[in-house]
Each structure stands twice: as structure tokens, then as C-alpha cells.
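As a plain string of letters, each chain reads:
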Amino acid sequence: MIREVAIAGVGWSGFRSITPDLSYKELMYEAAARAYEEAGIDPRRDVDSFVTVGEDYNEGVSIFDEYVPDQLGALHRPVQTIAGEGIHGLAAGVMQILTGQFDVVVVEAHSKASNILTLPYVLAFAFDPVFNRPLAAHPYYVAGMEMLRYMAETGTTHAECASVAAKNRNNALLNPLAGYGGAVTIDDVLNSEPVSEPLTRLECAGHSDGAIVLVLADGETARALTDKPIWVNGVGWANDTFWLESRAWGVARYARDAAEMAYRTAGIRSPRNEIDFAEIDDTFAYKELQHLEALGLCPAGTAGPWTAEGGTALTGELPVNPSGGAQGEGHLLDATGLARVLEVVQQLRGEAGQRQIENAEVGLAFGWRGVPTTGGAAVILSNR
Amino acid sequence: MNGNRVAVIGAGMTKFVRRAQETAKELAWEAAHLALASCEMTLDDVDAVVIGTAPDAFDGVHMKSEYLSDGCGAWGKPVMRGYVGGGTGVFAAIQGWYHVASGLFDTVLVVCEEKMSSCQPHPQGAFLTIFDHTTERPLKPNLLWIFALEMNAYMNRYGLDKRDIATVAVKNKRNAADHPAALLGDPDITVDDILNTEVMAWPVQRGDVSPISDGAVALVMSANHVARRATPKPVWVEGVGWNLDTAYWTNRDLSYPVYVEEAARMAYKMAGVTEPRKQIHIAEPYDPFDYKELHHLEGLMLFDKGEAPRAAADGVTQRDGDLPVCPSGGLLGVGNPIAAAGLMKVAEIFWQLRGEAGPRQVPGNPKRGLAQAWGDLMQVGTVIVMGV
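If you're matching them up, the sequences are chains A and B in order.
Each residue of the first sequence is one higher than the one before, starting from 480 at the first, in our numbering.
Each residue of the second sequence is one higher than the one before, starting from 62 at the first, in our numbering.
Isolated chain B, as found in the complex (with noise of 0.2 Å):
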């Protein structure tokens, strides 16, 4: 690699609400002012900021960015906003690492702020303008409706049970439950209250849906010098891959994720992993539905295709298991402000390679993870790889 060695050195977050009172500006600085503490910086230690956030449709406001800047401390800052839709978060982590990496940069901030309430009367409303204005929009789709057909060909392709792809809502909002800012924690949810919420469109039903929530995530990432000066325990960014497919969703089989698989090969290949069930210790890969955790560490190469429902189901994926896979609680336990969800994955990962995730802490001190996200219309996959 001709650039710098990339760290996460800091992080921080506020909680996940469905209604923050907080404004958007507000939201991103408490992110951002908890993660510059966490690592005892300052904006003036800041050279750039990267900022993260999902359709200007929830806020109601155009170049959403500019607006953020200022409460992303971005002000008299080069600041830069990339977007891949619900991989945005995830995705925000990989353009902190290019800032750094290209020696441009020495330490940049990295901002996610997502606030859906206020997008009324639902944010559904906003995800209606996702679709083509063409061909698809006249029928009035839903992304419910549409990661129902998803579920369904995941399901019919592998003949899966229901209750197998619950058991991730089960296990997420369990984990959530150890998680300070979560929004839908349960320490003793089951499976049967997951299948027995109301059908939104079947196959999914309520408990498979991770919740609206407002909340910002905020990372601090710099090069190798900044970073071995500034923390005992840098967190290094080993691989990034992002990948995104065609347009046409109609025309794709959306049994399998090939574009993560894209995305992951990339960044394993980055990271010299060549074995990725050996070598990755603790997975979070992106949970909107809790099929989607599966299909996407197949998509991972995590497990076979069709193979991680049963392994799901048996425990491998718990928090004490064999991989654990989404010890925060994941989108659909500590709540999915689209942007902000996926930096909590990175800073989940960042927690727990340091040892610091508290109640949440995963045994056998991991020294790899990877975080992953998804989004535009089932369309993109974005991952990154860390280590220490």
C-alpha cells in the first residue's frame, strides 16, 4: 500500500430514539463532540470531516450536508459527504479511510446523522421516491413490499422456516439489551412474540423490522503516527470494498447478495484474509430484517449459501458462539437511523477489538472483525475489515 496505515482511534454515539428533540446539527455534534473526547481531542485537531447521511427526503432538506457541516464541527474544514444509500454508514468509514490513507490527511472526523421523525407522517412516505419515476413509482411500492419479495425468494430458494430467520430478531434484541443507547433492547424476547407481530407483508412481519429511529455516530480515524501517539489501542482499518449492482432490481435473483460477495472479496483481498471463516472473529453484518443478517454473512462468505439460517439457529452466532455476529444488537435491537446504523456497526466493531464493550464484550479476545452494510434499492454492499 503506497498511502497511510488508517486507525480508528476514538468513537462515540448518542442514544437511538424514535423522536430525538435534539435538531439534526444537534444530533451529529453530540456524536462527534463524545467521540473527540473519547480519544481527548479537539476540532483543532481535526483536518477534515467526513459526513454520512441518508435521503435529503427525511429531513426535508436539500444539500443536507452544508446544512449538518457546522454541527459536524466541519466549520473552516474540508468536509465531504459520500453516499451509497443505507451502505452510507458503513461507507463513510471507507471515505475516512481514503481522506487518511492518501496522506492529504492526518486525523479526520467522521460524522452520521440520521433523523427520521421528522419526515411525516411516516418515512415511508420519503422511501416512495427511491423507486424509478418511470417505471416504478406509478405502482406505489413500499420497501416493506419489496423486501418481501426479497425474504420470499431467499426463503423459497433454500426452503427456510420462519422461525429459523427469527431466531436473529431474537438474538439481536436480546444483545441490545446490554447496549446503553438502544431503542428496542428485550433481554427476554422470544421467538414465538416475534412471530406473532402483525404481518406488514408476508413474510415480514413487525418483529422482523428493525425500528425509525433518530441518532447520530461519530469516529475518529487517523494515520499510523497520529494514532500510535494518540491511544495504546488503535483499531487498524485492515480492508475496504464497496460494490454496487445494476439498477434493474427486477431483473436481478435476489436470492443472493452477489454484490456484497463483491464488495467482501475486495476487501479481504485488501486485508490478505484468505480464509475469512478462520480469520474474521466477530461479524456485523447489516440487520434491517432479520433474513437480511443471513443473507448477508452468506453473501460474506461467512457460510454457505442457504447454511446460515440453521447455524443461526444452533447458536453459532450468539455472543458466546463459534462467530458472534452482531453483539451490539445490531439495526434491529439498538435501531437503524439508516446512516448512523451502519457507523454503529464500525464503532461496535472498534468497542469490541479494544475490549471496551462492557456488558457486551464478546470472549477470547477477537482480533479481527468486519462490518457491513447495504442499501440503494437491494443494490449495494459495503465492508470494511479491522484488526489489532
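Bound-form chain A, shown alone (with noise of 0.2 Å):
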């Protein structure tokens, strides 16, 4: 990349399942207040550009754009609305200071979750209107579908896949801001009702409240704000298709092709070897498998067997979704990659407390828009 880039601060709100006292104007004054107050710096003075996510289906509002600025201390500022996953409002913000235009950016994601009282409907609005949508189907089925088209290709077993829900749920234990963690064994999850079959209960992820702010900045400003920049090395977004009927089902396509695009900016050959740690897309347990072998950290296959065996737990070769993932903090709508970007600056920081990772270095984020959808979007992170 042409110019060098950095998380100068962080701030966030929640994660909580309800949250009947805060608006998610509240939510973002919060997360925002404390990403300025870490970055010390003052939104109507130092802030050259302001980038928020959001979908109107989630807000329940057209337009979400116009109830941004307020909250923000973004007023007569240059603010713009990315309709993506929080880590492509995190690229957003990326481009924006690789112009050489903006050198300090924020960026926000969030989730009020607990205001949607019909969550499922409101994603069967996502299916194609004329061909799928008829069908009138909870569109988890989608997950169901793939889920077991990915077994198939790959051999990877129902155990191994609740393997994932089950560490997840554990390191979430450690995670003061996880509101889903729990003692939860393999059984457990197998044993938790059907969903759409084979996926069950324990391997979707619940849903939070909560927002996230990102202060980023140029190198120099970067410098100037905090001793401890984490470096935005690469970022990488894709699509695969969006017809059902014809995109790829056993591989995640789009992950694949962030990844590359990710990896490419940051110059990293060999991934396996130059990422210490990940937080990647957990949103089903079966999608941190799909996600690990699309992002080239285990071969095609493999990721099941591994993580059976322990290889992604927190002491693990490779430490993936130290955090608890979306299935220990749940899913934040929108801001989930967010999430998964924050876990990775607390760890490159060393402020991750109890869950802690010895000798962190570099870590990559994975951000995936959920059912139906094929839209993901990648960054890769580092602390020197």
C-alpha cells in the first residue's frame, strides 16, 4: 500500500443480548466517546472523514444515513454510509487515507439487534424476490443446505463442526465483553435442537447489541496520537454470486478471494506461517471450518480434524476467534467484523487480559455478510 496506515484508537459499546436503557444513538455516543478519548483526539477539530455501517432493513429506518452525524460529533463533516460488513467500512476508511486526502478517519459499525422483533422475516427480505423468496423458507435453510454440502466435500464431521460452537463458547467465558459464553462440551451442542438440519441451536450464533468505533490514521498522525499504532497491513473484500443457484456451496468462494486480495496488499506469501493468530466469521460453527481452509490457514478439509484436535484453541498452534467469535459474543448485525477487527488490536496491543496470546504479532479479520449473501471482506493487522 502506498502510504502506511493505523488503528490510532478503539472504543466500544456493550455486547449485550437487550439493551432496553440504550438507544443505538447511545450505543454509538459511547463506542465513539471512548475510540476519541483513546486516540485523544477531538471529532470536530481532528477528524477528516467519517465512515458508518449500516443496512436501512436493520435500522428500520430509509436512509440510515441521515441519523448518523448527531451521535458522532460528525456535524458539517464529510460522513458517508458503507452498506456492507463492518470491515468493508473499515476498507472504506483505508482508501480514504491512501488518497493522501484524509489522514485521520473513523469508522463505525453497530447493532441494536433487540429492536428487530421479527429478525428472521426481516433477512427473507435479502432472498431474490421472484425465486427464492416464495419459497417462504426461514433463511437459515440456506446455512443448513451448505453446511451439509460442505461435510460432503470435504468429510469433515458433525462433531467437528460443533467442536467450533464449544471453544468459541469457552474462550468466551474469558471475555469480559462476551455476553454467550459458556461451559458448553461437544454433546452439548450435538444435543441442542435442530435449526435446519444438521445445523443445531448451539452452532448459530445468538444475537447482541452493541457498537464499535475506529480511529484510524495515517503513519506520522498515527505516531503523533498513541504509543501503541496497530498497523493495517492489508485489507481484501469479494463477492461470489449472488444466485443460490449457482454459486459455489462447499467452498467459500468469497473468502478465498479476500483473502488473496488481503494477503496480496500486504505482501504475505505464506499465510499459515506469517498470521499468528485469527478472528475470523463464526456466524455458524461451521463457517470458521469453511473460512479457515478458504483463507489458506489449513488445507481444504482439514480445518475440522485441527480443531478437534485442539489446534485453534487458545493455546493452539493457531488461535482462532480468541475473543469467543459471533458465537460467544453473538452476532452484531453489521458491526460483526468490527468485533472480530477489535479482538485482534486488544491482542496485538496486549490488552487481552485472561485470553491473552504469547508473542502476537500479526492477526488477521474476517468479516462475512451472513445468509444469503456471498460478501466478505478481509484485514490483516499487525503490531510492528
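Careful, some of the hints might be misleading.
[Said to hold, decoys possible] Restraint-style ranges between C-beta atoms, simulated for each label pair:
| no. | chain 1 | residue 1 | chain 2 | residue 2 | range |
| --- | --- | --- | --- | --- | --- |
| 1 | A | Ala779 | B | Lys330 | 47 to 55 Å |
| 2 | B | Lys201 | A | Asp500 | 46 to 54 Å |
| 3 | B | Gln181 | A | Phe610 | 17 to 25 Å |
[Unchecked claim] Every beta carbon over 10 Å from chain B, so not counted as near; a handful from chain A, in silico:
| no. | residue |
| --- | --- |
| 4 | Arg556 |
| 5 | Gly563 |
| 6 | Gln833 |
| 7 | Arg848 |
Just so you know, these hints were derived from the structure itself, not from any lab.
Glycine included, C-beta positions come from ideal geometry on N, C-alpha and C.
Each chain sits in its own coordinate frame; assemble them with the hints.
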């Protein structure tokens, strides 16, 4: 990349399964105030541009961009919304800094999932209105079908998929931000009720409310703002086709392509050797395995056994989702990817408390837009 | 500037129509295909795709850019949707600019699509959902009402005559008669025709308002080294700006769009434009209502506050005037498929600066032009300055 870019401050609010005491504006305000405090900046004076991430149907208003400036301190400033994954928003902020026209860019994403009384019905509006929506099925059927296909193509077992949920929910017990931690066993996961067979309830992330704000800055500014800049070494994002009928089901092509771009921009040739830990989308337990393989962190078909043997545990060769992931923290709608980024930042700063990974220097975060989409985004961060 | 210099090298658009038979994906692809063909490129030359489209409520499709992505040529590519309400069309070009200027991509395809006709019985129903759910929505507000408030504020502040404002609608609908993709072109329309249309919400009459439309527009934007090889006539992006005002629109002075001024200042600064009235030769400000064109010309600092209506009545903004404004026919004439309409303005500046606008071509070989859009709750300004 043609200019150094770093994360100079992070802030968050949450994460909790319900937040009746806070509006989404208050969630955003709390996260933003924390991030500005940490970076020592005044948004009205020091920020050149703001990027928020949101989807109208999740917010319950059309043109959600209208409702973001006040609580971010962004009045009369350049502000835009990205209708995408949180890491797409991060990538937009990185691109703005790379142009040389902006030195400090703030990126925000949030979830007020508890306000959505009929989340599966809202999600069903994402299906093709002509070909798929008339089937009127719960949207998670796509995940159930994909899981079957993934298991059939790779030979992965259901118990191996379930081991992801058990690992992540146990990791979450060490994370004060996580609301879905539990001493869950593989049998607990397998024996929970089916959602869309073979997918069980404990393999599906619950939902959380919360907000995350990042302060991005060019290298020079970041060094002036903080002693612990976390460098953005590379970003990448990509889509497979939206058609259910013609997409790749067994392989996460979008994750492969997004990672390829992220590795290329970061100059990474051998991801498995150059990345110390990863925070990757685990909205459904099997997704962590499918994404691990697509991201090139292990050979195709090996993520299941590797995970079941503890290779991706907190103390394993490549810790994956030390935060507990979406399984442990809850799914934060469009902010889920930034929750992954937040954990990577805390680990790289050595601020991850009981779940701190020793000598972590390079981390990967990957976010997926969820069913029924094939959109994903990746970022490589480091502390050196 | 650290980043790449960026040019627009191709553009294409569908017809703007009241009700398209094509699906949203088909509209998007038609525009994308035309834009690529105009600079002899294929999808293999495209490194990333930018999508612009306004509320999901029109189509009733959640995460609309995911649905549109393969229609926009984004299969297997990085694709991102930026969103600033009605300002999205021009913002999509700005987003295309920063994709290329970042150095991450050499060539980006920018596609804006809108299909309002699928919203039944009328897209005003979708617009109800743009208002604050607690303080405003219970009043069942309508977009026409709030623009009537704004138009009233503007007219009262400067003592304006509706007849002067109506000249904008006449000019743009006449200009649109020369646009092959236009929905409401009319070479013979008069000020009296506009003033005799039915009252929607005083002082807004039907003739003051742009039509609901379906359509799509696409641009190809490239870095310096690609652009110079691809075309002898690249149109350079010289400056971009965008700016957002408070969501609490009831607390604002509606008679002047300060957010447009801030966006213009940002774009002028980047473009090195110090005297916009001399250095901008042609303008495509956002004109969903006739008074908005005047409002925005003042926000863009191309006329003094309250002076734009007089200038319009005097013919300054005609295609052969001192400052041709909306030579395309604008939203009032060509149509208003929200995001696509904004990008149509950028495409018009591209064609005009290349001398390719056919019967719409303004005389005098313009060298620098700007396009501007506006949106959210009368709240956001997006500006792009381009030159040859």
C-alpha cells in the first residue's frame, strides 16, 4: 500500500443480548467517546472523514445515513455510510487515507438487533424476490444446506463442526465483552435442538447489541497519537455470485478471493506461517472451518480435525477466535466484523487479559455478510 | 496528492422510464455493459465495482447491493456500496475516485441503479420510512411537505417569485427534449404550463417536481496510466467533496444549504478552484425540484444568496448562457431514478467536456464542470469537479 495506515484508537459499547436502557444513538455515542478519548482527538477538529456501516432494514429506517452525524460529533463534516460488512467500512476508511487527502478517518458500526422483533422475516427480504423468496422458508435453510454440502465435499464430521461452537463459547468465558460464554461441550452442541438440519441451535450465533468505533490515521499521525499503533498491513474484499442456484456451496469463494487481495496488499506469501492468530466469521459453527480453509490457513478438508484436536484453541498452533467469536460474543449484524477487528487490536496491544496470546504480532480478521449473501472482507493487522 | 490521478474514461446509461420491464439486475447490467463498451473494455479489465442505489424499501430487497452485485458485473470481484440517500449518485463517483486514488485498483466500474416502480402503489410510501420513528413518523409526513417547507423558507427569505423558479423546470424539460434517454423532455413547454399544474403541497406544484423513474447509469474510472492508454480524451477528477448536516432538520435554517457550501469548498480546494464563477464552465446541480437547482447554485457559490432565480430568468443558465446549468435536462427532464439520476449528472459532465453531447452540447469548449447531488433529510451535499 502506498501510505502507512494504522488504528490509533478503538472504542466499544456492549455487547449484550438486550439493551433496553440505550438507543442505537447512545450505543454509538458511548463507543465513539471511548475511541476519541483513547486517541486523544476532538472529532470536530481532528477527524477528516467519517464512515458508518448500516443496512436500512436492520435499522428500521430508510436512508440510515441521516441519523449518524450528531452522536459521532460529525456535523458539517464528510460522512458516508457503507451498506456492507463492518470490515468493508474499515476498507473504505483505509482507501480514503491512502488517497493522501485524509489523515484521520473514523469508522463506526453497530447493532441494535434486540429492536428487531422479527429478525428472520427481515432477513428473508434479502432473498431474490422472484426465484427464492416465494419459498417462504426460514433463511437459515441456506446455512443448513451449505453445511451439508461442506461436510460432504470435505469429509468433515458434525462433531468437528460442533467443536467450533464449544471452543468459542468456552473462550468467551474469558472475555468480559462476551455475553454468550458458557462451559459448553461438543455433546451439548450436538444435542441442542435442530434449527435447519444438521445445524443445531448452539451452532448458530445468538444476537447482541453493541457498537464499535475505530480511529484510523496515516502513519505519521498515528505515531503522534498513540504509543501502540496497530498497523493495517492489507485489506481485501470480494463477492461470489448472489444466485443460490449457481454459487459455490462447499467452498467459500468470497473468503478465498478477499484473502488473496488482503495477502497481496500485505505482501504475505505464506499466510499459515506469517499469521499468528485469526478472528474469523463463525456465525454458524461450520463457517469457521469453511472460512479457515478458504483463507488458506489450513488445507481444504483439514480444518475440522485440526479444530477438534485443539489446533485452533487459545493455546493451539493458530488460535482462532480467542474472543469467542460471534458464537461467544453474539452476532452484531453489520458490526460483527469490527468486533473481530477489535479483538485483534486488543491482542496485538497485549490488552486481552486472561485470553492474551503470547507473542502475537500479526493477526487476521475476516467478516462475512451472512446468509443469503456471498460477501466477505478481510484485514491483516500487526503491531510492528 | 499521494494517490493515483483518476479519470472517467467511459459512461453508459439506460433510458429513464416510468416503469421498466427489466429487473433491477438487468437495468444495472445494461448500463454497465454500455459503459464498458464505450471505452472498449470488458469485465476482465475491471478490478473492483462500486454500487450506488437508494433505499432498499423501493425494491423491497434487504441488502440490495448483494442482490444487485452480479448484475453490476461484480462476480468474483471486490464490491462495495456507499450510501448517502439522494446524494448517492454523485457519491458513487466519489467512491470510485477513492478506490482508484488509493492505489489499490487501476480500473473501477461504478454502477447506480434505481427501480422505484416496484414500490406500490407509490414510492412516497417508502419515503415515509426515512423520518425519525419517534418524533416525526407519527405525523405521517410526506416528502412533498418538507420540500414545500423548504421552498417556502427560500422564497420568503429572498422575496422570490414562483414564476422565476418555474423557469428552471421549463429550461430543464426543454433541454431534455434533446436527450435520447429522457422521460419528460418537451421542447414547447412554457412557464404557464408549469404554473397551471395541480398543487401538491403549496408552493410545490406537479410541474415543479421531477418524475418517479426506473433506470441505471454506469461509469468506468481508471488510474492515470490506464486512462491514457484507453482513451485520447480522459476526463480527470480534479476535486471531490461531501458533507452531512444534523439529522434534526427542524432546527436548521432551511433557506440555505450550508452542507452544499461545505462540500463545494472541499471539492474546490482539492481542485485548486479559487474563483468558481470563473473557473467552473458548466454545472449539473441536483434538481429534483426546480427551486433546488437555484438553492444548490447558491450553495455551490456560483451565485450570491437569493440571486440565482433572477439569473435563471435572465437566461444565464441556459445551454448558450454564461453558465450552462443542467444541459442534460436534469432530473426534472431526464427523470429521477434517485442514485442513477445523480450519476447521470456526472456522465453528462463527462460527455460535455469530451464534446460528445450531440444536440445537447454547450458551445465554447468547456474545460471544467461540476456535478452535485443532495439527499438524506435535506442534509447531505456531494460534489465532484472534473476537467480536461
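| request: Starting from the hint 47 to 55 Å, judge whether the C-beta atoms of Ala779/A and Lys330/B obey it. | output: Given a distance of about 51 Å, which is inside 47 to 55 Å, the answer is holds.
| request: Grab the minimum beta-carbon distance between Gln833/A and chain B and tell me whether it stays above 10 Å. | output: 36 Å, holds
| message | Range first: 46 to 54 Å. Now tell me if the beta carbons of Lys201/B and Asp500/A are that far apart. | response | 29 Å, violated
| said: Using Cβ atoms and 10 Å as the threshold, tell me whether Gly563/A really stays out of contact range of chain B. | reply: For Gly563/A, whose nearest Cβ neighbour in chain B is about 6 Å away, the distance does not exceed 10 Å, so it is violated.
| Separation of Arg848/A from chain B, once the least beta-carbon distance is taken, above 10 Å | Not fine: 7 Å to the nearest Cβ puts Arg848/A too close to chain B.
| message | Does Arg556/A clear chain B by more than 10 Å, comparing its Cβ with all Cβ atoms of that chain? | response | 7 Å, violated
| task | Check the following: the C-beta atoms of Gln181/B and Phe610/A are separated by a distance inside 17 to 25 Å. | result | 20 Å, holds
This entry does not satisfy hints 2, 4, 5 and 7, going by the numbered hints stated previously.
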